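Novice: Listed below, chain by chain, are the residues.
Protein chains: 4
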Amino acid sequence: MNTFGRIFRVSVFGESHGACVGVTIDGVPEGLPLSATDFAADLARRSPGDKGTTPRREPDEPRLLSGVFDDHTTGAPLTIVFDNEDVEDDDYGLFDAIPRPGHADYAASVKWDWANDPRGGGMFSGRMTVALVAAGVVAKKALDSLSFDAKLVRLGGSDDPKEWDSLVEKAAADGDSLGGIVECRVEGMPIGLGEPFFDSVESLISHAVFSIPGVRGIEFGDGFAASDMRGSQHNDPFGADGPAKNGSGGVNGGLSNGAPLVFRVAFKPTSSIAKSQRTWNFKDGRQDTLEIKGRHDVCFVRRTPVIVEAVTAIVLADLV
Amino acid sequence: MNTFGRIFRVSVFGESHGACVGVTIDGVPEGLPLSATDFAADLARRSPGDKGTTPRREPDEPRLLSGVFDDHTTGAPLTIVFDNEDVEDDDYGLFDAIPRPGHADYAASVKWDWANDPRGGGMFSGRMTVALVAAGVVAKKALDSLSFDAKLVRLGGSDDPKEWDSLVEKAAADGDSLGGIVECRVEGMPIGLGEPFFDSVESLISHAVFSIPGVRGIEFGDGFAASDMRGSQHNDPFGADGPAKNGSGGVNGGLSNGAPLVFRVAFKPTSSIAKSQRTWNFKDGRQDTLEIKGRHDVCFVRRTPVIVEAVTAIVLADLV
Amino acid sequence: MNTFGRIFRVSVFGESHGACVGVTIDGVPEGLPLSATDFAADLARRSPGDKGTTPRREPDEPRLLSGVFDDHTTGAPLTIVFDNEDVEDDDYGLFDAIPRPGHADYAASVKWDWANDPRGGGMFSGRMTVALVAAGVVAKKALDSLSFDAKLVRLGGSDDPKEWDSLVEKAAADGDSLGGIVECRVEGMPIGLGEPFFDSVESLISHAVFSIPGVRGIEFGDGFAASDMRGSQHNDPFGADGPAKNGSGGVNGGLSNGAPLVFRVAFKPTSSIAKSQRTWNFKDGRQDTLEIKGRHDVCFVRRTPVIVEAVTAIVLADLV
Amino acid sequence: MNTFGRIFRVSVFGESHGACVGVTIDGVPEGLPLSATDFAADLARRSPGDKGTTPRREPDEPRLLSGVFDDHTTGAPLTIVFDNEDVEDDDYGLFDAIPRPGHADYAASVKWDWANDPRGGGMFSGRMTVALVAAGVVAKKALDSLSFDAKLVRLGGSDDPKEWDSLVEKAAADGDSLGGIVECRVEGMPIGLGEPFFDSVESLISHAVFSIPGVRGIEFGDGFAASDMRGSQHNDPFGADGPAKNGSGGVNGGLSNGAPLVFRVAFKPTSSIAKSQRTWNFKDGRQDTLEIKGRHDVCFVRRTPVIVEAVTAIVLADLV
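Chains as they are written, first to last, in my numbering: chain A, 1 to 320; chain B, 1 to 320; chain C, 1 to 320; chain D, 1 to 320.
Hints were generated in silico from the structure; no laboratory data involved.
This one's a predicted model, so the numbers in the text were calculated from it and none came from an experiment.
Any given hint could turn out to be false.
[Stated by the list, open to error] Here are the simulated DSBU-like cross-link-like pairs (lysine-lysine), alpha carbons at most 35 Å apart as the crow flies: (1) B:K245 - A:K283; (2) A:K111 - B:K245; (3) B:K275 - B:K162; (4) A:K51 - A:K141; (5) A:K293 - B:K245; (6) C:K51 - C:K151; (7) A:K141 - A:K170; (8) D:K111 - B:K111; (9) B:K51 - B:K151; (10) B:K283 - C:K141; (11) D:K170 - D:K245; (12) D:K283 - A:K141.
With the hints as constraints, model all of the structure from the sequences given.
Specialist: Here is the structure:
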């Protein structure tokens, strides 16, 4: 079921190489100002452009099919569609027989009969995340007292942004790819969001974050480092305004505690690489190699901070 | 809503210092052999006993109220209750005014009116996890072709189990506490579990895992280390039997790929420590200190592997 | 899934001839006064006693296992259990082979393997409705500005209550059974409850009402008679205080309009009758007859008004 | 939440006087043959044309935005959109102040701020049912061993179809409207669909049916008449092939019993009538009258049988 949320409910549809990708949001508060131009800034952040990102160019013009009248939300389901235009008719069908390492081809070919849709990985494509970003824009509108800030803090093993372009260049020259870490911070959090079982703030955020393609890990506040600390180090003493430091990342016992929500997300390197890889040819029953062509990101993590923000906003709009 | 799952649906109830904790499982397959003795092994793994665990002793005798006849499940909702016996009537009410660092007291007192239940942290207690372990036992029964193995791989900053008891002793002597990391491994995974949006295997596992008290992070396969790798290193080449290594932790594109599911969970150090901590006295409006008495674990992470297994089994029973 | 509701969520468990029947309610507002004695009045209305009702006697003492402290709800899941005591060990197993006309035996034996629970019809028993009544008591507490009144308006084809006892006597003498119609009326309805798609007030009420065993029809306001009217007759003109008559039964376009909610529920005659009935013997593959013994109601509809009220209150508690 | 179903999940969006109405179906089995022409027959049955139906003409061309490739379903979410073309820009906004008897105007104006969308009743319009019919077409494809047949059995108080056109003419001449009763019959039902609590077959069918605008009642099998019968009359004896008659309408104890599913739905007369009606002017605070212009059905029930079939198919596709 391609749906997330109970009150602010987001459903995605569409395919990377089909007519469009889209999203329906049910439970949008009525009366929010909203027009197509509101999407431009976040969509631009997701668009390729940085070194290491794909040359596929989509205009990414949102069409608001329902739920908006006179540039305000009506409270009815809000459907947003992005037509696909720059589609190359790659024959992804072959990946059914010779699966790409790191991709869902193998598992999906066992689960579904791909003969039905041999186009571009269907819903597994990063193209679907344009729908998440659009839903995130609406969610942020509904959460105007909160501020969201996700940014890349590590790329290709380096914490120094000055090195990133050259790391990407080297990886590209080798026909290889890089990963990185995104940190997301939300200020203005109300106190008491979340439930002890099973809908803790971390549960819901991680649920949504792991639906972004390529995520390998998530940690809140001190994160994995907390497991090496003593309680007296990790615990956040209270002052008059709440927690006096933020080792918890803004969540205690599954509930938001008023401190900024802080978490980090580990993205793997792009799976599609030009370099030759070993794989199995399930059609002919023999070891084979694969060099992946097509217009892929060397380092798609550069495009992900706005997606992390979007799914975070979707979760919080559902909780508030 | 204290419920998880769609097909195999687990709902917890009860309070740490109330009459009982319990769980109802809806969607249990009919005809599974099940009796009270089946719970003994996993309940024992959760019970205190290791150095650094609480002296609170509960007999943990499961009472099967419904859904079982003649030592087999009937397919009707299965309710299991654990009576609370070793209850000390601590006055947790005071933590409403003087919140314990690291606990949900502060956030919960804003969210709810604790005057209604000043007993032992209500549902925020680790005591609730006995219900999760019980549900996990039933889930494992429903998944008899899978094998689950979670174990502690790091404690107090050390990967060497020979050092753990002495680390715990030192922390206890200091009135302090320790955390650690649990690794969970599931063998026999079918191929194709999970959905691309939004119910990837990682999404559901992390959702459930973060409902265990004290979790700060989760990572699958190569995890955070993957973000420093190149694609050619992290990608798992395919052989005749599927992935030839397991950097993905058994999941590609949100779907299980047949390799073992492998993930690690970071637990923070126990929040309740004997050592004096700074906190705020919200009643008197002044800085205060708190020394937490009561029967708490110095290192509750020693009791968590079976809980991690349990929530993993619950998720997989829902997906299969 | 034995659960109803999204915000005020009711889950039933237990079996007619098992240890207990019970209910867990999640989403109960905190701070409602509630103790075991609050259930007495409604439970008494459901209890047998009127002419034509079963001699099976259960003390129907609710045990509140969780979610209540100091005679007030805590907001945590509220579990209520009724132990079964007056259980006769009838062998219902035979109905697997020789199904009782009007019962679920035949369909259930195809759906499930009844060998697992040959006791009293499991969850199909009217005994389960004690759990609904208990949940209804809690729902009514949460809805204290509303008043509920369901009553029997027709029995055995007669609208005159003076005739009912004698109709029941005659049916009993013939080893036969009777049905009837219950009318439910809720005053104090807020305006605007419900949604156009798919959760209209009528959708949710009818969903819940048809889960009561023995219901054959439901109609709101003018009901089936409305289909014979002209618009000018059926439409309710508006006055200063809302609708000036109540042909709509209090619902327009799926939304409550502030007028009393009024609907009628048709109950079939009790299926279990002493009189000989034709059935098929699926074990021996031949036509057979069945005379049903045991302690059954000649006219269970006399016990249903409080059950109709209960499920109505459950729906409204979820909507408000 | 404008969604129905758990496995075959239907979500509607759009507005009567907006850009389009549409539906997304999640959980469609992959590989069903499906193209735009498959919708023609059912859409035609819903289209006006019979005497007494609206002159508003929409081409009702379904556009399949996603979930279909090469005229087969892919298993991904299926989105179907119907563009609105024959839109007159009626100012429905005035009905906020002077509500139309029988409509949701009054309740909706209390619930929402209609200033946001003063166009044609938004989601309350019968126009939305084109989305239900489209979803029904897909559901029927997924249920090809079942046959659906809903038809009008009563109109304006007459069971004789020869009288219907003249009854409609008379009502139209009086500026008035008529209602009627639709009977729906499904053959080929599998045995054992449905659950005792709370998702009986009748619960789910009635839930969906009451989301069709204008429904006032529903009854299964003998329906309200069953409440006047004795058990020996109403019970269906069993023969070798299951129930030997069908007083139950195909459902026992909430489960389908293999006999045809048979139910009747009472539709009220069209609420919008040309004849002058009393209403309240909430703007000026005085009694007022209203004559409704616009292109409305005198007898919309003539267009409803295919809608009843559609929601029935949606429910059964979810249950199977």
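Novice: If a hint holds in the structure, say so; if it does not, say that too.
Specialist: Cross-check of the supplied hints:
no. : hint            : in the structure
1   : B:K245 - A:K283 : holds, 21 Å
2   : A:K111 - B:K245 : holds, 21 Å
3   : B:K275 - B:K162 : holds, 26 Å
4   : A:K51 - A:K141  : holds, 30 Å
5   : A:K293 - B:K245 : holds, 24 Å
6   : C:K51 - C:K151  : holds, 16 Å
7   : A:K141 - A:K170 : violated, 40 Å
8   : D:K111 - B:K111 : holds, 27 Å
9   : B:K51 - B:K151  : holds, 16 Å
10  : B:K283 - C:K141 : holds, 32 Å
11  : D:K170 - D:K245 : violated, 39 Å
12  : D:K283 - A:K141 : holds, 32 Å
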